[in-house]
Structure formats: C-alpha cells, structure tokens
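When you line the sequence shown up against mature numbering (1 follows the signal peptide of the UniProt record, and there is no 0), it's residues -19 to -1, 1 to 407, in that order.
Among these hints, one or two may not hold up.
[As the list claims (entries may be wrong)] Across the chosen pairs, the derived CB separations fall in these ranges: (1) A30 <-> L403: 20 to 30 Å; (2) P352 <-> E68: 47 to 57 Å; (3) R183 <-> Y46: 14 to 24 Å; (4) A348 <-> D299: 22 to 32 Å.
Hints listed in this document are in silico derivations from the structure and should not be mistaken for laboratory results.
Backbone N, C-alpha and C define an ideal beta-carbon position, used for all residues, glycine too.
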Amino acid sequence: MRGLGHLVATLISSSVALAASVQWRPIGPADKDSTVTLGFALRAASPGALDDALAAIADIHTPMYGRYIADVSALVRPSDVAVAFIESFLHAHNISRSKHGDYIRVAMPVAAAEALFHTELFEYAHEGHPDRRIVRPSGSYQLPSNVKPHVLLVDGLDAFPTLFQAQAHAKATAAGEASSTSVEAIQRAYDLPSGLDASDPRNAIVIGAFLKETFNQRDIESFEARNKQAPSSAFHGPQPVHCIGDGLGVGTGEASLDTQLVTALTQSQHATVLCYNANRVPSQAFDDSNQEVGAIQSVLVYADDECALPPAYVAAVDAEFKKAGVRGTTVVVSSGDNGVVGSTLLGFCGTPACSRYQEALVESAVARLPPDAMAKFNSFGRAYPDDGTSVSAPVVASLLAHVNKFRLDHGNPPLGYVVPYLYKVG
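Using the sequences and the accompanying hints, generate a full structural model.
And the structure:
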C-alpha cells in the first residue's frame, strides 16, 4: 500500500499549456459525476525506429523497398519503464491499451480527473455549432515528473478540436451538384481508359468522411450515368461504415464528391466509406483504425489550422500516417480551399522539418523566387508545393489504384508511401 509521502513525491509535476481556441466558449464547470475519456500517447522506446523503417521501405534504392511490415508494434512500443510509471499513475482507473501498445486510454469521473491532473474541467460549446460540446481544462493541467517525459500527448486535455470550415457547413447536395468536373476530362488528361477496373481484394480503397458527412448510393449511380460510365451489372458501389443513412440517406457535398469520383474512375468493388461523425469515436482507441488489414489507398479531404494545434498533437497524428506507410498504405490528402495558402498554391508547414528527399528541390525552387514573394509566406519546414483542391485527393488516389492494380498483377508490391519516389522521378 502506497503511503501519502510516496504519492506526494510522485505528483511533483510541471504544467502543460493548453492550446488556445477562439472557436470554443466555456459554458460552465463540467458535471463532477460525468465521465471523461482520455488517451495517453506514449513515446516510443526507440524514437527514430518508425522514421528509419519508413525511409528504408519507401526508398527504391534500398533492399527494404516495398517490404512492408504488417505489425509495427516493435517500432512504436514504449519502454517498460514508461508503461510501469503510467500504470502506477492510473492504477485506480480502468486502463485499456491500443493493439500497438503506444496508447493507453482511461475513463474516469470529472471529479477524479480534476484531482488527478490538478486542474478544473469546464464544458465548452462551439461558437458556430452550440450543439457540439466538449470537456477541457480551463487552464493548464499537471502530470507527475516521472510520467511526463514518457507522454507525448494526453488526448482529451491538450487541444480543442477544430472544425473543417467547408464541412462545418455541410449541406445536402444533389447528385448533379457534387462535382462540376467531368470524368471524361479527367480520363483524357491522365490518359486513363474509360471503364478501367481497379478491383482487387489486395487493392482496397478507403474514403474518409468527417463530421457527419455522408453519401448516397443512388447519387453515385446518377453521376456515373450522367458521365457515361457503365459499371458491370455486379457492381455494388462503396460500402458505408458508420455512415449516416447507411449509404441511403441524403448525401452531403464532400463525401458525395469523393465517392462519386473514386467510383467512376476505379469501378472498384473493394471501396469503403468510413464515416467519423464526431471528433472522437469513444468506443475506439486513438490508433486502432490503423490496426486492421489496411487499405492500399486512403482518401482524406480534411484540414486543421496548424496554429490551433499543439505540436504534440501534430506529432501524434503524423505517427499514425507513418504507421500506415510502413504497412504499405498510400494516404492521399487534400485540404481543399482550407489549405496552407489555398487552392493549388505553395505552402510550408512550420512544425515538421523539411524532409530529406525534398530538400534539394525545395531549396532550388525557393532560390528562384523574387524577394517580394519571399516576404509573403513561410519558407521553412516541410513544403507542400501543390496543396490541391478537394477534388485532388480522390483523383490522385484513383490513379494510384490503377498503378497498384498493375503492380499487383505483375507480382510487385503496392506503392505505399509514394512521395519520396515521386520526388526521385520528378
């Protein structure tokens, strides 16, 4: 039995600043008896292992190229010391672990969380959507000094979620309104034959839909008919997972755009639309979506404001993308008109460093810019020279699906994390 002196000693802690938010307004102290669910992202025992594995697997000049790793637990597992400290700190609460072992989740009453983290929790409402409520600290919170070095992020305390502006105002969209881009024009631009089928169980496609975005199967059929695409009689369209209306409800703009284009361009029988209708899925650990048999292509059209997110949150999400890359999944993202600068212009992310594979090209491109242009944007960090509009992600993912189908048919692995390869051949 631990004595009070031991408990006091372990609670010598440092404050962790809460990310500021201008979109959320406090409406009062949180109900002491309500439950909060918190996720602890733990630092890996070998911090560079995941990065090194991804770099080797994605480099066409290494023997590891394309040798994907199904179970990445060894790359991200925290140290035994870290796990021991965290479990000791949270021993009085019901702990669950992610399949990789690098996330620990707990659910506890608000009163217990306030005592444990030396903070006061408030309920907040989003100023544009008052029905969206979250619980967060009113200021900073504290972690014990023997715990904090092992924790990258406390999901549920560290940051306020942001709402992607275009999707925050999602509305019903008729089949003819989702995309003004003709399938024939895309096929002509990329020399893609009409009716080309990328179907293969090894070549699955997942389309992410966020914040109550959803689609309608009949809208897809209308879109294909209008664009003179003729799927086979056995074609069933993408499968909805957690989608409002289960593929039969009223479609919204972004999800309709993505599903219509992917379906028309790939004719894939192995496409899924995975809908996230809230900021978190309470029944699912933070990274467990990355544990199932992975899709080969994932399509995401979403954006967060970099300045509104703490670096630890960015690093935790970035690690999930790296896990997907190590496992052989190509994640294609476009943030639409909510990009770094917007549309298809250049931009830099100041949080991560410039990737080695893009350093030479970026330095050369920046050196050619006139001095007055340099004063208008951030020119350091990781570069995103072509951010892309919403339509970019489903189009590029569809093209890659056909490339991967060809590679798989000829005994080669899928492209996986394809960006370094594109820089080499570009």
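Hints, one by one, checked against the model:
Restraint check, A30 to L403: a C-beta distance of roughly 25 Å satisfies the suggested window 20 to 30 Å. The supplied range of 47 to 57 Å is met by P352 and E68, whose beta-carbon atoms lie about 56 Å from each other. At about 18 Å, the CB distance of R183 to Y46 agrees with the hint of 14 to 24 Å. The beta-carbon spacing between A348 and D299, approximately 28 Å, falls within the hinted interval of 22 to 32 Å.
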